[in-house]
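Generate the whole structure from the sequences, applying the supplied hints.
Chains as they are written, first to last, in numbering that gives the first Met the number 0: chain A, 0 to 176; chain B, 0 to 271.
Honestly, the hints are just simulated from the structure, not real lab data. Treat each hint with caution, since some may be false.
Said to hold, decoys possible - Calculated lysine-lysine pairs in the PhoX-like style (CA-CA distance at most 25 angstroms, straight line): (1) B:K58 <-> A:K67; (2) A:K90 <-> A:K117; (3) B:K234 <-> B:K42; (4) A:K66 <-> B:K56; (5) A:K117 <-> A:K10; (6) B:K153 <-> B:K173; (7) A:K134 <-> A:K66; (8) B:K201 <-> B:K26; (9) B:K201 <-> B:K173; (10) A:K15 <-> B:K42; (11) B:K136 <-> B:K201; (12) A:K117 <-> A:K47; (13) B:K58 <-> A:K66; (14) A:K15 <-> A:K67; (15) B:K56 <-> A:K134; (16) A:K90 <-> A:K10; (17) B:K56 <-> A:K67; (18) A:K15 <-> A:K117; (19) B:K173 <-> B:K197; (20) B:K201 <-> B:K29; (21) B:K58 <-> B:K26; (22) B:K153 <-> B:K201; (23) A:K134 <-> B:K42; (24) B:K58 <-> A:K134.
Claimed, not checked - Interface residues of chain B toward chain A, partial, derived using beta-carbon atoms under 7 angstroms: (25) P60; (26) L231; (27) A262.
As the structure is a prediction and not an experimental result, all values here were calculated from the model. For every residue, glycine included, the Cβ atom is placed at its ideal position computed from N, Cα and C.
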Amino acid sequence: MEYEIRTPLSKDELLKLRVGDSVYITGEIFTARDEAHARALEYLEEGKELPFSFEGAVVYHCGPLVKKDGEWRVVSAGPTTSARMNPFTPKILERVTCMAIIGKGGMSDDVVEAMRGKAVYLAFTGGAGALAAQKIRRVKDVIWEDLGMPEAVWIFEVERFGPCIVAIDAHGNSLYR
Amino acid sequence: MDFDLVVSSTVEILRRAHTELPEDVVKAIKNALEREENEIARKNLETILRNIDAANKLKVPMCQDTGIPVFFVEIGREIDLDFDLREAIREGVRRATAEIPLRPNAVHPVTRENSGDNTGLHTPPINIELVEGDRIKIAVMPKGAGSENVSALKMMLPTEVSRIKDFVVETVLKAGGKPCPPIFVGVGIGGTFDGAAKLAKKVLLRNVLDMSEFELELLEAINELNIGPMGLGGKTTALAVLVEMGHCHTASLPVAVNIQCWANRRAEVVLR
Numbered sequence: 000m001e002y003e004i005r006t007p008l009s010k011d012e013l014l015k016l017r018v019g020d021s022v023y024i025t026g027e028i029f030t031a032r033d034e035a036h037a038r039a040l041e042y043l044e045e046g047k048e049l050p051f052s053f054e055g056a057v058v059y060h061c062g063p064l065v066k067k068d069g070e071w072r073v074v075s076a077g078p079t080t081s082a083r084m085n086p087f088t089p090k091i092l093e094r095v096t097c098m099a100i101i102g103k104g105g106m107s108d109d110v111v112e113a114m115r116g117k118a119v120y121l122a123f124t125g126g127a128g129a130l131a132a133q134k135i136r137r138v139k140d141v142i143w144e145d146l147g148m149p150e151a152v153w154i155f156e157v158e159r160f161g162p163c164i165v166a167i168d169a170h171g172n173s174l175y176r
Numbered sequence: 000m001d002f003d004l005v006v007s008s009t010v011e012i013l014r015r016a017h018t019e020l021p022e023d024v025v026k027a028i029k030n031a032l033e034r035e036e037n038e039i040a041r042k043n044l045e046t047i048l049r050n051i052d053a054a055n056k057l058k059v060p061m062c063q064d065t066g067i068p069v070f071f072v073e074i075g076r077e078i079d080l081d082f083d084l085r086e087a088i089r090e091g092v093r094r095a096t097a098e099i100p101l102r103p104n105a106v107h108p109v110t111r112e113n114s115g116d117n118t119g120l121h122t123p124p125i126n127i128e129l130v131e132g133d134r135i136k137i138a139v140m141p142k143g144a145g146s147e148n149v150s151a152l153k154m155m156l157p158t159e160v161s162r163i164k165d166f167v168v169e170t171v172l173k174a175g176g177k178p179c180p181p182i183f184v185g186v187g188i189g190g191t192f193d194g195a196a197k198l199a200k201k202v203l204l205r206n207v208l209d210m211s212e213f214e215l216e217l218l219e220a221i222n223e224l225n226i227g228p229m230g231l232g233g234k235t236t237a238l239a240v241l242v243e244m245g246h247c248h249t250a251s252l253p254v255a256v257n258i259q260c261w262a263n264r265r266a267e268v269v270l271r
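Have a look at this one:
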């Protein structure tokens, strides 16, 4: 099946997705990799308010290549290896009712379990950075820029971002097993 | 030849490496698409080919992980070099980072502080070899971390020659979808601890369509793993296996496996 999805996510729609389906995303997504995840968890554990929200969000495991020509412009922005986020993701999933992740390479069995009933993992073709950048309409914001270009949190407005393959669904199925 | 020529040539080969894949590499991907039957695998291969076209047309890096640029330089011994070649290449990297642009990936290994221009302690790596002749050849291979991180080196026992193939296949199996398959596999057999790794990396500069019987045998074993493009299944896990050997100590058998993603980016320039 092929689906068009808009953000913020709806749980009902998310539960319909099954491994092997194709998905195109429109709306807001944000990037986060190792250091952004570590800092976000630090904030959450200390009870500090996050400058962005994981609830109903699409988190993109991506360290984009961006350039500032007056405004920020995305040059190339394919997915990074999601396995590095294995230790962080279950702790974040505990705190949300519904979420999606875009990445590449898959995630651990612990994450697959933590995603049950609330989250999906969407695989976008690794290395397809030029193509991904074409689907990003604009950079809405950048948070934690001090982490450096790849590790900062970039908030993108995307249009028909995909094709993404549902590689882990919210029912415990994973194409990586 | 002078400092500025090396700087501008370095920028030029980096630009070419990031925006155009070598013909043999593109051909290997197209051949795989012809053979692949798995629907999801085909979709990924098609996305890869569309991405290569987009990078070409828009003149932007095909992958946001513009890697660490690894240089292999050959210097003809008749050349009279009166400037700092390494510094010229470093300057080229700095300029390319701002101009192309490239993502600043180089960080201090412990403080993790980003240098901002892709240079730093012993970075970029520049391998220099003295050869016959009156030319300098500079080849660059931007190496991304997804594939580099799942590469492996093993000091095997001299009696384990028959286990070399298993080690290569196990390394690819362990890597799964992480290195952005379909991958290219560089294998260094023999030499020393450091030498095997260098052989495994340098061999990735070779034409990927030209494989020996041993290399094809390894390729076949890898493609039976059913990892497939991006780890989502299919028969296209690797596009080529390239092996380089070096004599080693009678008590040693170092084997290195350097994994490269489908974007086997490389470009070179010859200066006289």
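To see whether the hints hold, each was checked on the structure:
1. B:K58 <-> A:K67: Distance of about 17 angstroms is within 25 angstroms: holds.
2. A:K90 <-> A:K117: OK: K90 of chain A and K117 of chain A at ~13 angstroms, within 25 angstroms.
3. B:K234 <-> B:K42: Status holds; Cα separation ~13 angstroms.
4. A:K66 <-> B:K56: 18 angstroms, holds
5. A:K117 <-> A:K10: Roughly 7 angstroms between the alpha carbons, so the hint for K117 of chain A and K10 of chain A holds.
6. B:K153 <-> B:K173: 14 angstroms, holds
7. A:K134 <-> A:K66: Holds, because 16 angstroms separates the two Cα atoms, which is no more than 25 angstroms.
8. B:K201 <-> B:K26: Roughly 21 angstroms between the alpha carbons, so the hint for K201 of chain B and K26 of chain B holds.
9. B:K201 <-> B:K173: 23 angstroms, holds
10. A:K15 <-> B:K42: This hinted pair holds, its Cα atoms lying about 21 angstroms apart.
11. B:K136 <-> B:K201: 14 angstroms, holds
12. A:K117 <-> A:K47: 24 angstroms, holds
13. B:K58 <-> A:K66: Answer holds: K58 of chain B to K66 of chain A is near 14 angstroms, not above 25 angstroms.
14. A:K15 <-> A:K67: Given pair K15 of chain A, K67 of chain A is violated - Cα atoms ~39 angstroms apart, limit 25 angstroms.
15. B:K56 <-> A:K134: Holds. K56 of chain B to K134 of chain A sits at ~16 angstroms (cutoff 25 angstroms).
16. A:K90 <-> A:K10: With Cα atoms ~19 angstroms apart, K90 of chain A and K10 of chain A stay inside 25 angstroms; holds.
17. B:K56 <-> A:K67: 21 angstroms, holds
18. A:K15 <-> A:K117: 11 angstroms, holds
19. B:K173 <-> B:K197: 21 angstroms, holds
20. B:K201 <-> B:K29: 24 angstroms, holds
21. B:K58 <-> B:K26: 20 angstroms, holds
22. B:K153 <-> B:K201: This hinted pair holds, its Cα atoms lying about 18 angstroms apart.
23. A:K134 <-> B:K42: OK: K134 of chain A and K42 of chain B at ~17 angstroms, within 25 angstroms.
24. B:K58 <-> A:K134: With Cα atoms ~16 angstroms apart, K58 of chain B and K134 of chain A stay inside 25 angstroms; holds.
25. P60: Status holds, d = 5 angstroms.
26. L231: Since the shortest Cβ distance to chain A is 5 angstroms, the answer is holds.
27. A262: A262 of chain B check passes; min Cβ-Cβ to chain A is 5 angstroms, inside 7 angstroms.
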